[in-house]
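**Student:** Each chain is listed here by its residues.
2 protein chains.
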Amino acid sequence: MSEAVKLTLDEIRNLSLTILSGSGYGPDHAAAIADMLVTCQIDDCQSHGLFRLFMCNDTMKAGKIDGNVAPAITQSDNAIVRVDARGGMSLLAFHEALPILIEKTRTLGIAAMAINRCFHFSALWPEVERLSAAGLAAMAMVPSHSWVAPAGGTRGSLGTNPLAFSWPRQGKDPFTFDFATSAFARGEIELYRRAGKPLPDGVAIDKDGNPTNDPQAAMEGAMLTFGSYKGSALSIMIELLAGPLIDDLTSLESMEFAGNSGGAPYHGEILLAFDPGHFSGGRIDPNDARAERLFADITDQGARLPSQRRFAARARNIERGYVEIAKTLYDDLQELAQQI
Amino acid sequence: MSEAVKLTLDEIRNLSLTILSGSGYGPDHAAAIADMLVTCQIDDCQSHGLFRLFMCNDTMKAGKIDGNVAPAITQSDNAIVRVDARGGMSLLAFHEALPILIEKTRTLGIAAMAINRCFHFSALWPEVERLSAAGLAAMAMVPSHSWVAPAGGTRGSLGTNPLAFSWPRQGKDPFTFDFATSAFARGEIELYRRAGKPLPDGVAIDKDGNPTNDPQAAMEGAMLTFGSYKGSALSIMIELLAGPLIDDLTSLESMEFAGNSGGAPYHGEILLAFDPGHFSGGRIDPNDARAERLFADITDQGARLPSQRRFAARARNIERGYVEIAKTLYDDLQELAQQI
Chain A
1 MSEAVKLTLD
11 EIRNLSLTIL
21 SGSGYGPDHA
31 AAIADMLVTC
41 QIDDCQSHGL
51 FRLFMCNDTM
61 KAGKIDGNVA
71 PAITQSDNAI
81 VRVDARGGMS
91 LLAFHEALPI
101 LIEKTRTLGI
111 AAMAINRCFH
121 FSALWPEVER
131 LSAAGLAAMA
141 MVPSHSWVAP
151 AGGTRGSLGT
161 NPLAFSWPRQ
171 GKDPFTFDFA
181 TSAFARGEIE
191 LYRRAGKPLP
201 DGVAIDKDGN
211 PTNDPQAAME
221 GAMLTFGSYK
231 GSALSIMIEL
241 LAGPLIDDLT
251 SLESMEFAGN
261 SGGAPYHGEI
271 LLAFDPGHFS
281 GGRIDPNDAR
291 AERLFADITD
301 QGARLPSQRR
311 FAARARNIER
321 GYVEIAKTLY
331 DDLQELAQQI
Chain B
1 MSEAVKLTLD
11 EIRNLSLTIL
21 SGSGYGPDHA
31 AAIADMLVTC
41 QIDDCQSHGL
51 FRLFMCNDTM
61 KAGKIDGNVA
71 PAITQSDNAI
81 VRVDARGGMS
91 LLAFHEALPI
101 LIEKTRTLGI
111 AAMAINRCFH
121 FSALWPEVER
131 LSAAGLAAMA
141 MVPSHSWVAP
151 AGGTRGSLGT
161 NPLAFSWPRQ
171 GKDPFTFDFA
181 TSAFARGEIE
191 LYRRAGKPLP
201 DGVAIDKDGN
211 PTNDPQAAME
221 GAMLTFGSYK
231 GSALSIMIEL
241 LAGPLIDDLT
251 SLESMEFAGN
261 SGGAPYHGEI
271 LLAFDPGHFS
281 GGRIDPNDAR
291 AERLFADITD
301 QGARLPSQRR
311 FAARARNIER
321 GYVEIAKTLY
331 DDLQELAQQI
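Line by line, the protein sequences give chains A and B. Quick note, the first sequence lines up with residues 1 to 340 if you use the numbering used here. Quick note, the second sequence lines up with residues 1 to 340 if you use the numbering used here.
Think of the hints as simulated: they come from the structure by calculation, not from any bench. Just so it is clear, the structure is predicted and the values come from calculations on it, not from any experiment. Glycine included, each C-beta is placed from N, C-alpha and C at the ideal position. Watch out, some of these pointers could steer you wrong.
Unchecked claim - Here are some of the chain B residues that sit facing chain A, going by a computed Cβ distance under 8 angstroms: (1) LEU7; (2) GLU11; (3) ALA112; (4) GLY243; (5) GLN301.
Please work from the sequences and hints to get the whole structure.
**Tutor:** Below, the structure written as structure tokens:
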């Protein structure tokens, strides 16, 4: 980071609340969004931290989101908690339905949360880590916009469709991953374009469906999935589970809904939670030991577990009591805070 | 296929039952295994069809499997059906627990089956397709043996860890995929070795952890996952969900258990099932239409859905009433049938 500004966690939260409130988010939504931004900044996850306040503001200006709406939870005696965000940001819906998901999972062994009709901009790892912090394993999936071509295709049908997973570890940071099923994140291509750098092979096709290394041609064409036809199949699974299964939009429909309005995509989200106690017949400790042996076998050979860098940042930032963000970002945020 | 033999479905089943019975599998296990082999041969899935009778026989000869044991299902009022295969082949356990999984899913919206202590050789798509045939979406995962290195690693820690998924389509073959999270299947590397062909890049490392294109060096070293660190993360997730979560072996432990005994690996399996009616609030038809629009958008641009070739084979083989297998395989099976 060329020039950095140090901010305490309170300063991050207060700056977030100021901008969110000024943008038109009511106190409940602003608090849920600020929580997520703080969580990301503690881990130095700059791509989903304070930087996203611009998108929150843009989303409000686009005129479709409701900054004050209360999510509506459908009561059920089954293993699914459905929460209708009613055109608000996803995070308050997640926050309010989370205790029910945890309770259902502890009772039934496996349970799911379906969030409907939400605007969505956030990383998924903070959500699955809320579940692993409660001793549950968890998976989360969302569609996005149809920027990504299926394997063998010539145009976008699929979203960047991230998959996140977290596994609780006793006395340790969880095993967590959160990756886009596109080869690159959308923002990475934009960074290559700004830097005038060619893309690696296998990342994108142009508007005629031909492979391209030109970031601008990629933005006008389509991205590719990671892992060829396997990644493509996985991405389609995410479309189905986080879309039609839960009565919500595919990435194709989400992009149509957005038109040219900009801001965060509007669609659904699905989370699955697993109770190790139920699945293992109460044998948690020996199975935790079994998982730890696998992790040790991976790290002992010099391979890294996903999220290790993020957890190191978390430990350092909590220890020293502040985080660093780029001064340019800080200045832009101050300017935004004054404009609104 | 150079020289082929035509077999009716009854002939496949009878040949399978003869060999399985002669190998030491009791009637219930033999029937469940034969069902699976017939299902694979109808779809021209040669790699998991009659060819696997040799492995079934080898597994029995290795002396650890029980060919007559009855699976034990744990009764529960939660969303998990646990079935202990008690050292038998997985397929009878799956067969007996399947109606309970379907009933739990229809009642609770989401449910899981955990199969424990089973020997396992079969493809996963026939199992998830049993669930999609019942109108449910389904996912299945198993570990295997630790032939696969994690991203950034130098030796095997992970299994080939397949992930299968099926989605029901009204009046059509389901959307199904079933892929190994290793870049290649173990058998594919063996085929390259026999053919004296170099492996593509990114498939394997040698015993010192260096990239190799030599199939023999790959067999002595380790395979790599598909999709680099993302495929590796996914493979670790499968280890955790189909291993420690359900109180069963990781691929590392499964390989240790096997020693040099050969035959099918011994471990657990997890299946998840999703009821679209519960998840969508009863809005199945409009959401099926939404999924169909996505599939059409994929195929309209010339991309293929996974399993399309298999479904075409199924339609053709059912229409003509017979399947074809290689004459060399047929002759070897006849010889096996006479030996045992």
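**Student:** For each hint, tell me whether it holds in the structure or not.
**Tutor:** Do the hints match the structure? See the list:
About 30 angstroms separates the beta-carbon of LEU7 of chain B from the nearest beta-carbon of chain A, more than 8 angstroms, and the hint is not met. The closest approach between the C-beta of GLU11 of chain B and any C-beta of chain A is roughly 33 angstroms, which is over the 8 angstroms cut-off, so the hint fails. Because the smallest distance between the Cβ of ALA112 of chain B and any Cβ of chain A comes to about 5 angstroms, under 8 angstroms, the interface hint for this residue holds. The restraint placing GLY243 of chain B at the interface with chain A holds, with a minimum CB-CB distance near 7 angstroms, inside the 8 angstroms limit.
A hinted interface residue such as GLN301 of chain B counts as satisfied when its beta carbon comes closer than 8 angstroms to some beta carbon of chain A; here the least separation is about 5 angstroms, so the hint holds.
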